[in-house]
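Enquirer: Sequence:
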Amino acid sequence: MTEPLLEVRRLTAGFDAGPVLFEIDLDVAAGELVALVGANGAGKSTLLGVLSGLVRSSAGHVRFAGRDITNTRPDAIVAAGLIHVPQGRRLFGGMTVEKNLLLGAHRRRDREVRADLEHVLGHFPALADKLAREARTLSGGEQQMVAIGRGLMGRPRLLMIDEPSLGLAPNVVERVIEVASEISSEGIGVLLVEQDVVMALDVAARAYVLESGRIALSGPADEVERDPAVRRAYLGL
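Just so we're aligned: the sequence shown equals residues 0 to 236 in numbering that gives the first Met the number 0.
I should point out that these hints are in silico values taken from the structure, not numbers from a laboratory.
Source: prediction; values computed, not measured.
Glycine included, each C-beta is placed from N, C-alpha and C at the ideal position.
Hints may be right or wrong, so weigh each one.
If you anchor each label on the Cβ, the simulated ranges turn out as follows [said to hold, decoys possible]:
| # | residue 1 | residue 2 | range |
| --- | --- | --- | --- |
| 1 | L165 | A58 | 40 to 46 Å |
| 2 | A168 | D24 | 19 to 25 Å |
| 3 | R72 | A215 | 27 to 33 Å |
| 4 | F14 | H118 | 35 to 41 Å |
Distance condition first, Cα-Cα at most 20 Å in a straight line; then the derived DMTMM-like pairs of lysine to aspartate or glutamate [said to hold, decoys possible]:
| # | residue 1 | residue 2 |
| --- | --- | --- |
| 5 | K129 | D109 |
| 6 | K98 | D109 |
| 7 | K98 | D128 |
| 8 | K129 | E117 |
| 9 | K98 | E117 |
| 10 | K129 | D115 |
| 11 | K98 | D115 |
| 12 | K129 | E141 |
| 13 | K129 | D74 |
| 14 | K98 | D67 |
| 15 | K98 | E111 |
Model the full assembly from the supplied sequences, consistent with the hints where possible.
Expert: Here is the structure:
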């Protein structure tokens with residue numbers, strides 16, 4: 000692997016009740032699609048919260064693009080190019096699709112915002128005729144497209160996508176995952192967090208398996224998929 004864009008070392012974090020994550024090591028390179036898989040409650044969303052600056056770590060460090068961003072403010076992390084597409088979409092339902100997308104570019108002052116909006120619509124052409132609609136009127140799949148598009152409007156260097164398949168029809172999931180692969184091919188790092196282990200391992204270059212707040216296994220995605228413990232626990236084989 001090339002020099003990591005995101006480097007996590009011995010990261011421990013949690014809440015008042017105690018640690019949830021224990022000595023996590025994880026890397027993502029520019030243009031690499033990495034899957035983080037595990038059962039519900041394994042700590043996947045908590046890890047993204049730490050990387051986004053929403054949850055404080057108690058030990059270890061996070062480096063991004065060569066800078067230590069451990070426990071940095073969320074707005075500074077976004078400004079550095081590390082952007083989080085949260086589980087559950089979290090759109091502004093009463094605002095139009097276009098305004099929701101443009102919110103992703105609220106920090107930008109360049110003249111290429113409109114061009115980037117067209118680029119997002121290239122990934123998600125189903126949204127092109129829905130820009131004037133309120134986000135709450137969209138289907139779940141369309142809302143997920145808006146959430147990912149909003150993240151892209153921030154011009155991320157690394158995009159973290161949390162459970163994009165949750166509650167979506169298989170054909171919509173397929174398109175969303177295709178876009179994640181397209182994004183990585185454009186040179187953007189992608190950290191894909193998923194409970195759907197088969198789908199995540201199929202599209203990723205490398206994978207990490209998180210169990211009870213610890214990295215239980217990591218490596219090339221095809222090797223992780225062939226691991227007997229993974230096949231028993233997650234693939235039913």
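Enquirer: With reference to the structure, classify each hint as holding or not holding.
Expert: Against the structure, the hints:
1. L165 - A58: 40 to 46 Å: violated (30 Å)
2. A168 - D24: 19 to 25 Å: violated (36 Å)
3. R72 - A215: 27 to 33 Å: holds (31 Å)
4. F14 - H118: 35 to 41 Å: Distance hint for F14, H118 holds at roughly 38 Å.
5. K129 - D109: Not OK: K129 and D109 at ~25 Å, beyond 20 Å, violated.
6. K98 - D109: holds (17 Å)
7. K98 - D128: Given that 20 Å is the threshold and the Cα spacing comes to 14 Å, the pair holds.
8. K129 - E117: holds (13 Å)
9. K98 - E117: holds (14 Å)
10. K129 - D115: Holds: K129 and D115 sit about 17 Å apart, inside 20 Å.
11. K98 - D115: Measuring from Cα to Cα gives roughly 14 Å; hence the hint holds.
12. K129 - E141: holds (10 Å)
13. K129 - D74: Violated, at roughly 29 Å.
14. K98 - D67: Between K98 and D67 the Cα gap is close to 33 Å, so the pair fails against 20 Å, i.e. violated.
15. K98 - E111: holds (16 Å)
The structure does not agree with the numbered hints 1, 2, 5, 13, 14 stated previously, though it agrees with the rest.
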